[in-house]
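From just these sequences and the hints, can you work out the full model?
These protein sequence lines map, in sequence, to chains R and X.
Going by the working numbering, the first sequence opens with residue 112, and the numbers climb by one from there.
Going by the working numbering, the second sequence opens with residue 27, and the numbers climb by one from there.
It should be emphasised that the hints constitute simulated quantities derived from the structure, not laboratory data.
Quick caveat: nothing in here was measured; it's all calculated off a predicted structure.
The beta carbon of each residue, even a glycine, is placed where N, CA and C say it ideally should be.
Hints should not be assumed to be uniformly reliable.
[Stated by the list, open to error] Capping the alpha-carbon separation at 16 Å, the derived lysine to aspartate or glutamate pairs in EDC-like fashion look like this:
# : chain 1 : residue 1 : chain 2 : residue 2
1 : X       : 93        : X       : 81
2 : X       : 135       : X       : 84
3 : R       : 124       : R       : 195
4 : X       : 123       : R       : 165
5 : X       : 123       : X       : 53
6 : X       : 123       : R       : 195
7 : X       : 123       : R       : 164
8 : X       : 123       : X       : 29
9 : X       : 93        : X       : 109
[Said to hold, decoys possible] Okay, the calculated bits of chain X under chain R, using three or more residues with CB under 8 Å as the criterion:
#  : stretch
10 : 60-72
11 : 86-98
[Claimed, not checked] Estimated spans, in silico, between C-beta atoms of each pair:
#  : chain 1 : residue 1 : chain 2 : residue 2 : range
12 : X       : 136       : R       : 151       : 33 to 39 Å
13 : R       : 188       : X       : 133       : 25 to 31 Å
14 : R       : 139       : X       : 106       : 38 to 44 Å
15 : X       : 42        : R       : 123       : 27 to 33 Å
16 : X       : 81        : R       : 127       : 26 to 32 Å
17 : R       : 181       : X       : 48        : 40 to 46 Å
18 : R       : 131       : X       : 48        : 25 to 31 Å
19 : X       : 48        : R       : 182       : 23 to 29 Å
20 : R       : 178       : X       : 68        : 36 to 42 Å
21 : R       : 114       : X       : 34        : 37 to 43 Å
22 : R       : 125       : X       : 37        : 24 to 30 Å
23 : R       : 193       : X       : 103       : 41 to 47 Å
24 : X       : 28        : R       : 114       : 40 to 46 Å
25 : X       : 133       : R       : 194       : 39 to 45 Å
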Amino acid sequence: ETGVTQSPTHLIKTRGQQVTLRCSSQSGHNTVSWYQQALGQGPQFIFQYYREEENGRGNFPPRFSGLQFPNYSSELNVNALELDDSALYLCASSTSRGYTEAFFGQGTRLTVV
Amino acid sequence: QKEVEQNSGPLSVPEGAIASLNCTYSDRVSQSFFWYRQYSGKSPELIMSIYSNGDKEDGRFTAQLNKASQYVSLLIRDSQPSDSATYLCAVNRQGGKLIFGQGTELSVKP
Chain R
112 ETGVTQSPTH
122 LIKTRGQQVT
132 LRCSSQSGHN
142 TVSWYQQALG
152 QGPQFIFQYY
162 REEENGRGNF
172 PPRFSGLQFP
182 NYSSELNVNA
192 LELDDSALYL
202 CASSTSRGYT
212 EAFFGQGTRL
222 TVV
Chain X
27 QKEVEQNSGP
37 LSVPEGAIAS
47 LNCTYSDRVS
57 QSFFWYRQYS
67 GKSPELIMSI
77 YSNGDKEDGR
87 FTAQLNKASQ
97 YVSLLIRDSQ
107 PSDSATYLCA
117 VNRQGGKLIF
127 GQGTELSVKP
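See below:
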């Protein structure tokens, strides 16, 4: 059984650019959630995908968007990058959209300069 | 008031002691509760989940939940230097959204 994997692990982008982050969910998991973690803070919920549809969204602007594919892998896209978007982006997968345990990938460290 | 609150620490305990980490939450309809451990520069690792009032033990870890007081805690017995990390309390809201506290930094001194 493979765990949650994210790519890339590190990324440096220039303000105004666009970025795509990728996540492969754990085997048997159909739900993927994305979180943003700023330094010294707890992760903040961005959105969740369940069976290829968005199932809840946190307090993030529309320039944060996502997709989930039939194999339950997912992408997070961020347009018009701002300096404050610099953070650790975490993907978590779970077996359902409800109250079950969620397991995180290793994260993508995004730096916007 | 934050939805999930933790003392940021750092909490320092000697090796072999019991570390006690606390968390309060504001939403009474929260259904499930989790503790994650996060080493510096790494992603959160799930160490405990608890869904009903009372205690749940797993090895050196015990999670305690009191829904009436909206309080969840984590006890680490026989603390080891390898337990030094930030511990994140997370509450699962309806629909699966995890709300995290800011984390408590634990330092276990040899």
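Next item on the list: Evaluate the given range 24 to 30 Å for the C-beta pair formed by residue 125(R) and residue 37(X).
Entry: violated (39 Å)
Margin query: Holds or violated: the 36 to 42 Å window for the beta-carbon distance between residue 178(R) and residue 68(X)?
Written below: About 26 Å separates the Cβ atoms of residue 178(R) and residue 68(X), which means 36 to 42 Å is violated.
Next item on the list: Check, residue by residue, whether the stretch 86-98 of chain X contains three or more positions whose beta-carbon lies closer than 8 Å to a beta-carbon of chain R, and give the verdict.
Entry: Our answer is that it is violated, as 0 residues pass the Cβ test (under 8 Å) against chain R, missing three.
Note to self: Check the hint pairing residue 93(X) with residue 81(X) against an upper bound of 16 Å on the C-alpha distance.
What the structure shows: The given pair, whose Cα atoms are some 12 Å apart, holds under the 16 Å limit.
Margin query: Count the residues of the stretch 60-72 of chain X whose Cβ falls closer than 8 Å to any Cβ of chain R, and tell me whether that reaches three.
Written below: Answer holds; 7 residues pass the 8 Å Cβ test.
Check: Within 23 to 29 Å or not, the Cβ separation of residue 48(X) and residue 182(R)?
Finding: 40 Å Cβ-Cβ, so the 23 to 29 Å window is violated.
Notebook entry, point to check: Given the hinted pair residue 135(X) and residue 84(X), is their alpha-carbon gap at most 16 Å?
Noted result: Judged against 16 Å, a Cα distance of about 23 Å means the pair is violated.
Check: Is the gap between the beta carbons of residue 114(R) and residue 34(X) within 37 to 43 Å?
Finding: Violated, since residue 114(R) and residue 34(X) (Cβ atoms, about 29 Å apart) do not stay within the stated range.
Item checked: Pair hint outcome, residue 123(X) versus residue 53(X) [Cα-Cα no greater than 16 Å] -> This hinted pair holds, its Cα atoms lying about 13 Å apart.
Check: Given a hinted range of 27 to 33 Å, is it respected by the beta-carbon distance of residue 42(X) and residue 123(R)?
Finding: violated (43 Å)
Notebook entry, point to check: That 40 to 46 Å hint for residue 181(R) and residue 48(X) (C-beta), does it hold up?
Noted result: At 43 Å between Cβs, range holds.
Item checked: Supplied distance hint 33 to 39 Å, evaluated on CB atoms of residue 136(X) and residue 151(R) -> With Cβ atoms ~25 Å apart, the hint is violated.
In summary, the numbered hints that this structure violates are 2, 6, 9, 11, 12, 13, 14, 15, 16, 18, 19, 20, 21, 22, 24 and 25.
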